[in-house]
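J.: As a plain string of letters, each chain reads:
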Amino acid sequence: MTWLRDRLPSTIFFAVALLLSAYGGMVLLLGWGGTFSAAVITWACAQVLLIALCVHSFLDASRQDEAEWQVQQVAQLQRSILDSAGPMILATDLEGNLLIFNPAAERMLGYRNHEVLGQLNAHDLFPEGELERVGQLLVSRLDRSPAIDLESVSPELKHYVQYVTSFPVSRVRGFEILCRRKDATTFPAMVYLSAVRNTEGALTGLLAIATDLTATKRAEHALRESEERYRDLFENSQEMIATLSPRAKYLYVNPAWQTCFGKSAAAFESLISFEAAFPPEMQANAASLFDRALRGERIDRANLRVQDSNGMYRELEASLSCRQDRGEPVSVRCIFRDVTAQYQRERRLAMQLAVSQVVGESTTSDEALPAMLESLGTNLGFDMAGLWFVSSDHHCRYLAGWYAPDRACTEFHRDSIGRVLQKGKDLPGQIWAAESPCWIEDLQDDSNFLRAGSAKTDGLVTGWGVPVRVGNQVIAVVEFFSRQKQREDTEMMATVETVCASIGQFMARSAQESRLEELNRQKESILNSVADGIFGTDSAGRIVFVNPAAASMLGAHAFDLIGRTVHSVVHEERKGREKCSDQCRTGRAFLVREGTSGQDVFYRRNGASFPVEFSVTPMVEHNVAVGSVLSFRDISQRYALDRMKDEFVSTVSHELRTPLTSIRGSLGLLSTGLLGEMGEKASNLLRIAVNNSDRLVRLINDILDLERMQSGRAPLTYRSCDLEDLARQAIDAMTPMAEAAKVQLLLEAGPAQIEVDPDRLQQVLTNLLSNAIKFSPAGSQVAVSIERLLDGVTISVKDNGRGIPKDKLESIFDRFQQVDASDARQKGGTGLGLAICRTIVMQHGGRIWAERNADRGSTFRMFLPSVTREAEILRLGGNPASSMVSSTSVLVCDENPETRASLAESLRQNGYSVLEASSGDEAVVIARQTPVQAILLDMSLPSLHGWETLHLLRDDLKTASIPVVVLSAFGALNDPEVEKAADAWLEQPLETGSMLAALSRVLQVERQPSRVLLVEDDADLAKVILATFERAGVQVHHAPTQRKAMELCVSSRPDLLILDITLPDGDGFGLVDWLRQQQEMKQLPLVVYSAQDLNEGERKKLQLGHTEFLTKARVQPQDVETLVMSMLRVPQGANEVPLGWDGASPSL
Amino acid sequence: MERLPAFENHARILMTPRILIIDDEDDIRQVAAMSLETVAGWDVLLASSGKQGIERASTEQPDAILLDVMMPEMDGPTTLLKLKANGSTSHIPVLLLTAKVQGPDQKKFAEMGVAAILFKPFDPLTLARQISAALGWKDGG
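Protein chains in written order, with the working numbering: chain A, 1 to 1148; chain B, 10001 to 10141.
Calculated from the structure, these hints are not laboratory results. Treat the hints with care, since some could be wrong.
[As the list claims (entries may be wrong)] Chain A is faced by these chain B residues, among others (derived, beta-carbon under 7 angstroms):
# : residue
1 : Ile-10028
2 : Met-10034
3 : Thr-10038
4 : Lys-10100
5 : Leu-10125
[To be verified] Below, a list of computed lysine-lysine pairs in the DSS-like style, where the Cα atoms sit at most 30 angstroms apart:
#  : chain 1 : residue 1 : chain 2 : residue 2
6  : B       : Lys-10108 : A       : Lys-958
7  : A       : Lys-645   : B       : Lys-10107
8  : B       : Lys-10108 : A       : Lys-645
9  : B       : Lys-10107 : A       : Lys-958
10 : A       : Lys-1023  : B       : Lys-10107
11 : A       : Lys-645   : B       : Lys-10100
12 : B       : Lys-10100 : B       : Lys-10082
13 : B       : Lys-10100 : A       : Lys-1023
14 : B       : Lys-10108 : A       : Lys-1023
15 : A       : Lys-958   : B       : Lys-10051
16 : A       : Lys-1082  : A       : Lys-1100
Every residue, glycine too, gets a C-beta built ideally from N, C-alpha and C.
Put together the whole structure using the sequences plus the hints.
T.: Encoded structure:
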């Protein structure tokens, strides 16, 4: 219909035309009549013309319509294109005004069409400066600027106009530009710019088609990134990556691969095959790997070795696999890893391990060093290895060598042995000098290599070495040689150098160890050859070391002794004897921290004893006692010598004394005048002779005395004494001499109780007094004074004589020193007196010295320390010589000769001297005549019943006090009489141990000298009793008064008291009362020796411990002695009544 | 040891003591004898050996015996033992005369039954007195 409508005007015209024409026609026809033809033709023509016109116009109209329709279609198309286009489409005029703005643009830029068209300029759509920038960019790319007129173009668009006009229309080029949205955000866009021309072809504007590149860009970016990633991986991979065609041609090699092989990618592409990249020796290997991969095998971690451009060897780990498409290989992928460093590390570790193993397994460097060289040599694959050490004299010497056994380098080795190299000479010298590794590729080329000749003989070509260091010092050099020429491998040298540090440490350590061994050997040889016995102990006193001398002296093996305590070893074998007391020197010596020394008796394995001098030194480290060292020496020799000397001295003195006796005697008799008168001169001579022989006697006595004292053969017997008493006694003794010299003796002192040897001290006092008197002028005084000090007493003897010159005050105490030679001889001195005094005082632990008096004369002083019990015991104990020599004798009485012999043997083995009696009779006789310390009596004697013998022994004074050990064949004896009479009894079968124990026990009791206090005011009786007891070996103290008795009870603690009832200053009762109150005294055995019989009541008052009552008139002194002895025999405290006494009255 | 009871002592005073001297040294015997005889006025018997001494002691019964220690063949101690074992001589007090002066020996001798020990060289003027004192004789000469 529209068609019709559109053509309505034409249609009407046509219709009208038609009508007119029809009319016209008709007219014509009618009017004419005749000439139809021309009118008709004309009308037909006109009609045709009209129709043609109508048709033309109709057609025209149609054409126009068509054209319009077309135009409309085009416009529509244009519109739909614009509308539907994804990209935004913009068109501007030359001013930049926007003419077209499609919906896509609306979407992308955020504007509505109506906001833009005619309102916005192109530049509004871009960020500030963007148009300009991009425009510049575009223009800069142009080869030439087109010759166009840019007058009418806006400045911003000038470039763009230039741009689009610079290339043909068909060639539209795109560029990137940032666009700005309405909300001011920007986005990248890809713009295709083209020129809009009018029909004349003149530029009228620009058309831009743009797409939002954001997503594209992002995708691109992502893609690039991922590409980048892959590329990055490949390009930067440490691993070498290559792809090869099935023909083994290189398709791709990453940079790492290129670097490794030292070729560029292009070079690789030109290689004929995979393996061509490898060094010749590896090619076969490489080719086979490739082939395997190609066949489809997956190869992982194959080892290959290549040499890079620097000549460095690289170890590679290869992985190859094949990419297949439908069973056909398409390409082969190769990934190589450079494991050189790892490989080096492993090799280094392996070498260090090998070296450590060698060090661990071998003990001496002789073994270790060649073994180390071997392990290094084999590990590294060299033919010969050598070790040189730097000696203390600054030369390098060949120490050890190794070569592969199947390819010996004997010539070279031999050549090296003799060499002594200086610094810098030969390979080792060079390395030593440079303190760094050194490589000689061709030994023959190096003029400094002295062993080139022998190297050639053995075919060694390349040599290198490394220094072995300890700290900063090079102590050795290790060298390696190979028959193959090898290029310098710095890495290997560095590795070996590191490993050799271990060798260095080993060498240093073994040097130290061998020094230590050397020292140890020295020490051992010293200790082994020393004659003294040496024990080393730990902190617990257990033996850890014994030297051969010690072991042999003790008669044992070293391994028996180790682990035991010293004390048990040296004193244990005192079988049967008493256990060492706490005072045992040797035992104590280990308890103190300071060193001690002394003398003691050690016992061998077999029980034999020997005297020793020992010294113990503790070992202290950081104030902690870690052990001690005991050294001891057998001094039996010395004792033997001493004994010999003593015998000699006493023999000599005896020999001297014998003729002297005659001389002295004869002279003495002559001088009495009883044998005839002689002239004055003769008398004089005689007097001289007598005096001098006297002096000779004194001299001999003094010498003997001194010798005995100094050799310890005259031990001191300490007793608590009153020095005042002693002094008084000395004065009394010297009074005759003093009176003869008209010198007065004075005592200025009070009582001073001290433990001394009274006899010896008397000797000293007498001597000092004698000297004092000798050197005092007539009419002068000699004063003895006693001063009590905190720790002792000082006794002084002061004279008013000539005095002693200052320089002689010390020397007069030496032997044979006189102040003035002439003087003393006259006075008859021997010259030994003061020497003897000094020895005695020193033995007491004191001091003696002389002083010049201020006015005139001299004073001799001696200081005696108060001795503590402990020191006393030690002092006593420290002189085993005396106890050694007097051995105990035991009488063995047994009818059975075998038993007797075996008993005697056991006793002898334990150091007793044994007398044997085969019958009771014989035993009694022997016991009476020979002093024995104990009797072993076998009760099963048939001929004489055992206890009859016992009675006999007890009855006889001489034998009553000898302890008897009874051996019985029956069970425990129940005979109370025997029990009382015997000191100990043993059952048979006899155990040696118990016999010895019993023996020692009874002897122990026996040995202790019993102390008896006699309280008696009758001096004569006292003397008699004293004399009696002296023979029995009992110490008797006499107290004439009660008071004295009390003093002595306290100070000397008697074992038994003999008491007279009547005393001048009290009576026995009082004393007993007092004693009962004393803790230690109330059990004292008491013998009351009274003039009259006592009644029951009186007796009761006098009971202490075991108390006996004797009446003087009825009883002889020796009876007292017997009783006392029997009472002393029994251990204190027991209340047994001795055999034969019923306690009420004595019976004999 | 045996001691003469008190009354015998007094009796002794009235009689001249007779001493047996046993010593192997001639000189000493002489000097000792002379000393006792000349100084103290005692009777003296001599024996030059232990054996002889025992015989003489047995037959002559002296009041005391002065016995030397160091003698060849039978020495002092042995002689002493024999004297003490012999019934006829065991009662006679024996004094040892010795040049050796060792302590432990003294004890041993005492146990053997010796009455006293005198030392050589002796003072010839006091020998008799020493013997008297040792034997408990009151003013024996």
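J.: Grab the minimum C-beta distance from Thr-10038(B) to chain A and call the hint holds if it beats 7 angstroms, violated otherwise.
T.: Holds. Min distance 5 angstroms.
J.: Measure nothing beyond the straight line between the CA atoms of Lys-1023(A) and Lys-10107(B); if it is 30 angstroms or shorter, mark the hint as holding.
T.: 18 angstroms, holds
J.: Assess, step by step, whether the Cα of Lys-10108(B) is no farther than 30 angstroms from the Cα of Lys-645(A), and give holds or violated.
T.: 22 angstroms, holds
J.: When you check the alpha-carbon spacing of Lys-10108(B) and Lys-958(A), does it fall within 30 angstroms?
T.: 12 angstroms, holds
J.: Given the hinted pair Lys-10107(B) and Lys-958(A), is their Cα-Cα distance within 30 angstroms?
T.: 13 angstroms, holds
J.: Checking one constraint from the list: CA of Lys-645(A) to CA of Lys-10100(B), max 30 angstroms. Satisfied?
T.: Given pair Lys-645(A), Lys-10100(B) holds - Cα atoms ~14 angstroms apart, limit 30 angstroms.
J.: Take a quick look at whether Lys-645(A) and Lys-10107(B) sit within 30 angstroms of each other, Cα to Cα.
T.: Between Lys-645(A) and Lys-10107(B) the Cα gap is close to 22 angstroms, so the pair holds against 30 angstroms.
J.: Take the C-alpha atoms of Lys-10100(B) and Lys-1023(A), compute the straight-line distance between them, and say whether it is at most 30 angstroms.
T.: The hint holds at about 26 angstroms.
J.: Is the hinted pair Lys-1082(A) and Lys-1100(A) satisfied, with a Cα-Cα distance of at most 30 angstroms?
T.: 14 angstroms, holds
J.: Please check whether Met-10034(B) passes as an interface residue: C-beta within 7 angstroms of a C-beta belonging to chain A.
T.: 5 angstroms, holds
J.: Hint check: is the beta carbon of Leu-10125(B) less than 7 angstroms from a beta carbon of chain A?
T.: 6 angstroms, holds
J.: Verify the proposed pairing of Lys-958(A) with Lys-10051(B), using a straight-line Cα cut of 30 angstroms.
T.: 25 angstroms, holds
Of the numbered hints stated above, none is contradicted by the structure.
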